[in-house]
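Visitor: As a plain string of letters, each chain reads:
Number of protein chains: 2
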Amino acid sequence: MFTVIGERINTTLKKVKAAVTARDAEYIKYDVRKQTEAGAAYIDVNAGARIGHEVEDMTWLLEAVQQATNLPLCLDSPDPGVLEMAYGLVSKKPMINSISLEKDRFDPMIKYLQGKDCRILALCMDDSGMPKSANDIVSRAKVLVAELEKIGFARDDIFLDPLVQPQGVDKSNGTMAMSAVRRIMTEIEGVHTTGGLSNISFGLPQRRTINRCFLSMMIANGFDSAIMDPLDEVAMTQVITADMLAGNDDFCMRFIKAARAGVRDD
Amino acid sequence: MFTVIGERINTTLKKVKAAVTARDAEYIKYDVRKQTEAGAAYIDVNAGARIGHEVEDMTWLLEAVQQATNLPLCLDSPDPGVLEMAYGLVSKKPMINSISLEKDRFDPMIKYLQGKDCRILALCMDDSGMPKSANDIVSRAKVLVAELEKIGFARDDIFLDPLVQPQGVDKSNGTMAMSAVRRIMTEIEGVHTTGGLSNISFGLPQRRTINRCFLSMMIANGFDSAIMDPLDEVAMTQVITADMLAGNDDFCMRFIKAARAGVRDD
Chain X
8 MFTVIGERIN TTLKKVKAAV TARDAEYIKY DVRKQTEAGA AYIDVNAGAR IGHEVEDMTW
68 LLEAVQQATN LPLCLDSPDP GVLEMAYGLV SKKPMINSIS LEKDRFDPMI KYLQGKDCRI
128 LALCMDDSGM PKSANDIVSR AKVLVAELEK IGFARDDIFL DPLVQPQGVD KSNGTMAMSA
188 VRRIMTEIEG VHTTGGLSNI SFGLPQRRTI NRCFLSMMIA NGFDSAIMDP LDEVAMTQVI
248 TADMLAGNDD FCMRFIKAAR AGVRDD
Chain W
8 MFTVIGERIN TTLKKVKAAV TARDAEYIKY DVRKQTEAGA AYIDVNAGAR IGHEVEDMTW
68 LLEAVQQATN LPLCLDSPDP GVLEMAYGLV SKKPMINSIS LEKDRFDPMI KYLQGKDCRI
128 LALCMDDSGM PKSANDIVSR AKVLVAELEK IGFARDDIFL DPLVQPQGVD KSNGTMAMSA
188 VRRIMTEIEG VHTTGGLSNI SFGLPQRRTI NRCFLSMMIA NGFDSAIMDP LDEVAMTQVI
248 TADMLAGNDD FCMRFIKAAR AGVRDD
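Residue numbers (our numbering), protein chains in the order written: chain X, 8 to 273; chain W, 8 to 273.
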């Protein structure tokens, strides 16, 4: 089943930043309850926007979020110190967002991850920048998985982000991501693929139409998780429908249940 | 670029049958003009519904249709006699709909096709019935292509229909069609894949949502033609969007043009 990582608790979003600044726990809890009801599997928590306040903001957020949901959290910070602190405050095995092959991120993160009981979101990025081909993505994915396996991670705990780039910049960016996902899911059997997809439509009109279509095309290639807004009913309908068509919904029961509840796709 | 075969001129549709019976050429011509404007590449013409009248109905339809469009036609009949007559009446290289490996259809059709200058729609069906696996579909496709190549057809003139079956009947029917299309497009390089897709949603609610999603998932696997209603703006938007994301739209110009004209996706 498709793993939705709810992206809404992020202090780069104006309303969330204001709620965190004002310590408005009700705002946060209401949002988290809605994400939970909508079918999120993880709630991403990012407290990085108020420079100098990340530790206290993350601490406060983790308490508020966990009062509102039993879901595991996706701890989103580039700072191993913040992640170490956050790791001690969560009640369920979290996902750590994120590691990459950029030296400045890789070295501290791989050290931090030693011995942790968590899942890990790994970006197919290295010091040469964004990937330029499906081969780039797949070879980086293989290095990341090898390094994470070395320190004891199971493939089922690794979520690889192929880093989707805008179709308007290069017409092969969509197929690059799709074929990379297909190859990762077959050549590194047992891992997951995830990421935000909305970059694909950057600079183009009708972004929602493009994003929805691309999501189903990625799922057709084996993509089995996304960082997304679970309250976007159009996108969630696409996830449920595409996942059903990909053969992951016995007797189409989840789809039929959603349809009865009134799926939204307009 | 994706090849849309417009399916609306078919006497099994009540209004078309009435128009043909009444020799209402204006009705037919208006519909064909709309399909042409909407981006059809072929206009399918089927005159089979009025038993005993197929030759005269097809003759009359071909004249009306060709007065309304310069597009090539897809001649849709199981009867080689009707096709022979129709072939003599078309002004552009037509597509012939259809051949299959069912003995009763294969033998007369392969004889009919000898020496014809046409494209051909080939169904992955044989006397054992509907395909039960992607392997079934691909192996039938290979036999069809080999037989058609033997009598001089180029792969670019062959459109293979994988025969989509309802997802509600078996949860692997979607992936069976998708992986068959992917394999056909790589293992039989140069051919096309086509077909009607709406069977996928048979018996399920929210059929339009399913059909739209499946169309993009099929295109993500290389599907490059469909028999569909070009006046269904939702489906046409999906074709234009998915084809763009599949890398077949330079600088996204066709998509951007459609977006400016107001693509419909609700």
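You may find that some hints are simply not true.
As the list makes no split between identical chains, a pair holds if one copy fits it or if it spans any two.
[Unchecked claim] In silico lysine-lysine, DSSO-like type, Cα no more than 30 Å apart, as pairs:
| id | residue 1 | residue 2 |
| --- | --- | --- |
| 1 | K178 | K264 |
| 2 | K139 | K21 |
| 3 | K264 | K139 |
| 4 | K157 | K21 |
No lab work stands behind these hints, which were simulated from the structure alone. Since we're looking at a predicted model, the values are computed, not measured.
Visitor: Determine for every hint whether it applies to the structure shown.
Guide: Hint check:
1. K178 to K264: between (37 Å within a copy, 16 Å between copies)
2. K139 to K21: Result: close neither inside a copy nor across copies, 33 Å intra and 53 Å inter.
3. K264 to K139: For K264 and K139, only the inter-copy Cα distance (28 Å) is at most 30 Å; the intra-copy one is 41 Å.
4. K157 to K21: Neither, since 40 Å and 66 Å both go past 30 Å.
Comparing the model with each numbered hint stated earlier shows that hints 2, 4 do not hold.
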